[in-house]
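A.B. asks: Going line by line, the protein sequences match chains X and D.
Here the first sequence is numbered in the numbering used here, starting from 1 and rising by one per residue.
Here the second sequence is numbered in the numbering used here, starting from 1 and rising by one per residue.
Heads up, some of the hints might be wrong.
[Said to hold, decoys possible] Some chain D residues flagged as far from chain X (calculated, every beta-carbon gap over 12 angstroms):
| # | residue |
| --- | --- |
| 1 | D64 |
| 2 | D94 |
| 3 | S98 |
| 4 | P105 |
| 5 | R113 |
| 6 | S147 |
| 7 | G151 |
| 8 | G231 |
| 9 | R239 |
| 10 | D327 |
| 11 | L365 |
[As the list claims (entries may be wrong)] Okay, the calculated bits of chain X under chain D, using three or more residues with CB under 8 angstroms as the criterion:
| # | region |
| --- | --- |
| 12 | 216-223 |
| 13 | 235-243 |
| 14 | 734-744 |
[Stated by the list, open to error] Some chain X residues judged to face chain D by a derived CB distance under 7 angstroms, without partners named:
| # | residue |
| --- | --- |
| 15 | L180 |
| 16 | A639 |
| 17 | Y643 |
| 18 | V647 |
These are computed hints drawn from the structure, not numbers from a lab.
Ideal placement from N, C-alpha and C gives every residue a C-beta, glycine not left out.
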Amino acid sequence: MKLRALEVANFRKFRKPLEITGIAEGLNIVVEPNEAGKSTLLEALRAALFIRHSAKSELVRSFCPFGDEVGPRVGLDFEVDGEAWRLDKQFLKAASITLVGPSGRFESDAAEDRLQTLLGFDKGNNRGTDPESRGALGLLWVEQASALAVEPPGHLVRNNIRSALEAEVGAVLGGRRFELVRARIDEAYAALRTARTGKPTGRLAEAESRAAEAGARREVAEDQLRSYEQSLAALEQARTQKRLIERELEDPEMAEQRRKLAEDLKLAESAQLRLTAAQARHAEGEAQLKALDQALAAFEHAESAVHEALAVRDKANAALAAHRQDHEMAVEAETTRRTALAERRQARRDAQGALDAARTIAEGNARRQAVARARAQLSQVKAAEQAIAVKRDLANSSLTAKDVEQLAALDRKVTETQTLRDAGAVSIEVELTEGQTFTIDGEPATAGRHDVLQATTFAIGKAARLTITPPAVVGRSAVDAHDAALEAYHDKLAELEVESYAAAVKRLNAAQNARDELVVLERQLAALCPGDITLDLAPGAAALKLFLEDQTADADDAEAEPDLAALSKALDLANEAEQHAIGQHESAQQTHHQAETRLVQLGADTATAERDVASAQAQLTALEGEHDRSALAAQRQAAGEDYARRVDALDQAERAAGALDIERIRRSIAHQDQAQTRAQEERLALVAKIASLEATVASEGPKGLAGIAAETREVEESAAAQLVRLTREADVLALLRDTLREAGDAAARTFLGPVTRRAARYVERILPGSDLVFAEDMGLVGVRRDGFDEGCGDLSRGTQEQLAVLTRLAFADLLLDRKAPVSLILDDPLVYSDDARLEVMTDLLEEAGTRMQVILLTCRSKAFRHVAAHRIDLAGASA
Amino acid sequence: MIRILHTADWQLGKPFARFPDEVRSALSEARLDVVDKIGALAREQEAGHVLVAGDVFDNVDPGDRILTQALSRMSRASTTWWLMPGNHDHARADGLWSRVRRQAPPNVRVLDRAEAVELEEQAWLLPAPLEHRRTRDDPTESFASMSTPLGAIRIGLAHGSITDFGGSSPATNVIPPDRARQAGLDYLALGDWHAHLQINDRTAYCGTPEVDGFGSEEPGSVILADCAAGGPPSLQRVRSGTYWWLTQIWELHGRDDFTSALQGLRVSDDLPRTLLDLRLEGTVSLADRIAMLDELGTVLAHELRWLDLRHEGLAIRPTEDDIAEIDVQGTLANAASLLASKADAGGDEGSLASAALERLYVEALRAQREADA
């Protein structure tokens, strides 16, 4: 099939007629920007061919330009099998169709039918058409949105392809029967297990729950049966127990035992009575014996008390006598020690007096020496005071440093003026010779130098008179200045009372030295008067002088110096002797005191012993007055014999009572009675238990629990068997389902071999080493690379899109071989392709263009610029 | 001489719970009905005593309905019923037999003690009731010591095995085969074995009067016995049962085998009162197998009271025709040959594949039919 020209008017954005003519064979490319109406052109093509002119569906109404009430119109020139056809179709308003071909002109439904046969598609439904009904062109005219999808071809194409393939591979697919069987099996399986997870559902799930319920019911029934049977067993046991207890209660042996025990008890009780009596008599005898023994013992005791008291008294008297001697010795010793102490005390007092007298003498000597030392100091002080007075005069000179400085200035002035005066003077050196007179201005001259400042007359004797007039350069002023300076200098000297400047300097220095010395001298003076505590003398020269004025000179009173050390040592010895004597005396005093105390005590002891003797003797006498001692002894003898007899009797009674243990007998009786009571109680309890169990058994028995249990067991078994059957059925169905799928896929692979082979040529260019995998419905499932299947969804979008185009190309090739009307239109394809792939894809499309007409709508002019194709320009196509 | 009816193993109250309700209630009713039948038989044959040698009831505690039904049916008969506990309904204090005794009409006697009882003048019955479900002791041991008047007829009544009948559990209650002679019995009437079996001239199992399970090829029966002192009894087997419980194995290798087996069954038996446990074996074509199963399931099963069909043993050898029936070529044919080769491998997988193939065959034919129609 080849499109030649397309005319559109009142169709969506194309209100004005648009006419595209000269669509070439092979590859055509319509490059227009977005919104230029490329997709509308594809829509218009579809509408012209597949939508009946009479349709008024929403889709058809959408063909109208917005807001207009017009009839959308499409005209189409095309060729099929080399024959030219012209189709004109108008929708909605004045809807019409005209088809003109080699066999004539068709209108209305006849035209639609002819078109359908010509192009091989189904009548669309009321809502328009769907890809399923559009035939080959539905598959090959790919709109933008579905470019990506790798959809299976519609059934028309499938059938077409199928018959092509059948011819080619000679295989027959299961077709409808296979689909039907597969659907049945899937349905049957789904009735037992869910298709996705294989979880039991429907009958299988019911069977499962029935089996579980049956098991639960069986357990309940068995529990009830068990509990009923336990009741039966318990009932039998209770009855047996009751019988045993009753037999025990009626046992004659037990009654006999009980009677014998009662007899024993009686015997034991009388033996006990006899024993008690014997015990009383025994105690009585014992008491009698004891009283007699006590009386006899009192006698013996009194006698021995007298003996003991006498012995004690004798011993006390002896001790007193012995101690008296000791006491006297102690008194004597104390007196001796006291005398010795008095002597020692006197000796110590004497030594003390000698030492005190010697100390007084030593003190007087020391004072005298100190006064003499003070006097000596006084003469030194006086000398020092004189020196100080001298120095103080010197130091007190009125000449100050300032005066000396002024003087120095004046002196310098004199010298300066003199120099100035001497510069104009004539110096004359005079040497006097013996015998000659030499006068200067009439005055005898002296040897030496003379400065002549004015006309001066020298007379050498008479030999000569020389008048020397100095040059006039020296004026009178110099002389006068010099004179004035000299005068000032001398005035100052007079003021300061010194002879010269040098003398003034000397005097100034002497005053400074005197001040320094004065400080030293005053320090010496203070050192000379340190004071003396022994004399009660304060430091300082004044105190010293005052003290010495009161002292009279008594140097002659000096006594010989006593030996203080020897006296002091004598005193120490005397002290020691006295202390020794004190210690000895105190010891003697103590001994004396102790002896005295002991003496008093021994005296008292003696007195006590005397009293004890008297008392003991009085007691003995009293006893003898009271009892006859020999009669007592006889009574004791008789009582002893009686007691022995009573002991015998008691022994016998004890033995008799011991033979019958009354407590044991009583215990046995109590035990027997208790056992009897308990057995009665148990019997009663058993009667109650039996009654209760009987009631239980009577009510449970008729329920037929064993029957129910047996029944539930069989139900459970049957439910389990049913479950096994259904599970097996499900397994069989699962296997069958899988096998069918496997066979279906295998068949699809074989069957679609030719398509796969054709596509493989193309696919090899973009995915080397890959095969396409088709499902049984001819839909592309994915690719197989190196033996691994990859689903379409796992591939990149670009690859998906390329594969979608390539499979269409493969189908188109196949259809072309079948001479079906084939035309490939791709709206904005290969959007996701990279440059390399795009180039491969455009190459393939160019190749395809040599076999069929290919129209490519795109907005990307650059992407397809390299492609050799016929280009159509929409803008230039407007009519 | 005394004429008695010897029966046992009534097993009243057996649940039959694995059967569908209608079968189940028919079987249960039949067990009760057989009491009436025995009563009628006794009257017909003028047997004054019906001796039941154990297992009157299926279990130790049947429900009140069963008990009442049984006793009221017995009360209508003119004979005296002597009921003895067996292993299924063994005696125990306050159990089933106390209930029976409380409700029993005058013509029903309970033999729950091992003591000789007088049936009628000079005819004594020596019962050996069981007190436990299983006991290794011989319950008839005490027969020898049970004294009866000189010259009286001694009839022993016991429940247990004479020999090990090859059951799944070791034989219990084993009774020596010559017990009748040892204990000076004129007849030893035994229960427990559900089929009729005469051990010797004085010892016999009567079998159950109404068969209750597969394994017996005849309907239930009782023994009509004329016993005399000293001489062996005269024993006559009388049919009492309604249902046949047949067990058959059909070895099939083709359509003909099947047809003849089916014919054989139809000719010889009372199909509406037959329960058939049928096991198919052999190897047939897929088409044959389907056809046979179809015939059995849609025709024979409805003719019978119950068909218990086990067909796993009937292997298929799919023929080329079978496969061709599924499809000559194409996907279905491929699937069929995939399954056929798996089935050939045998084992569990093979059996599963075989079943799948069968299903595929059925579905393919069905689809074909629908396509044709």
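A.B. asks: Would you mind marking each hint as holding or not holding in the structure?
C.D. replies: Going down the list of hints, with the structure as the test:
no.: 1; hint: D64; result: violated, 4 angstroms
no.: 2; hint: D94; result: violated, 5 angstroms
no.: 3; hint: S98; result: violated, 8 angstroms
no.: 4; hint: P105; result: holds, 18 angstroms
no.: 5; hint: R113; result: holds, 16 angstroms
no.: 6; hint: S147; result: holds, 28 angstroms
no.: 7; hint: G151; result: holds, 39 angstroms
no.: 8; hint: G231; result: holds, 42 angstroms
no.: 9; hint: R239; result: holds, 27 angstroms
no.: 10; hint: D327; result: violated, 6 angstroms
no.: 11; hint: L365; result: violated, 10 angstroms
no.: 12; hint: 216-223; result: violated (count 0)
no.: 13; hint: 235-243; result: holds (count 3)
no.: 14; hint: 734-744; result: holds (count 7)
no.: 15; hint: L180; result: holds, 4 angstroms
no.: 16; hint: A639; result: violated, 82 angstroms
no.: 17; hint: Y643; result: violated, 76 angstroms
no.: 18; hint: V647; result: violated, 71 angstroms
Violated hints, listed in ascending order, are 1, 2, 3, 10, 11, 12, 16, 17, 18; each of the other numbered hints is respected by the structure.
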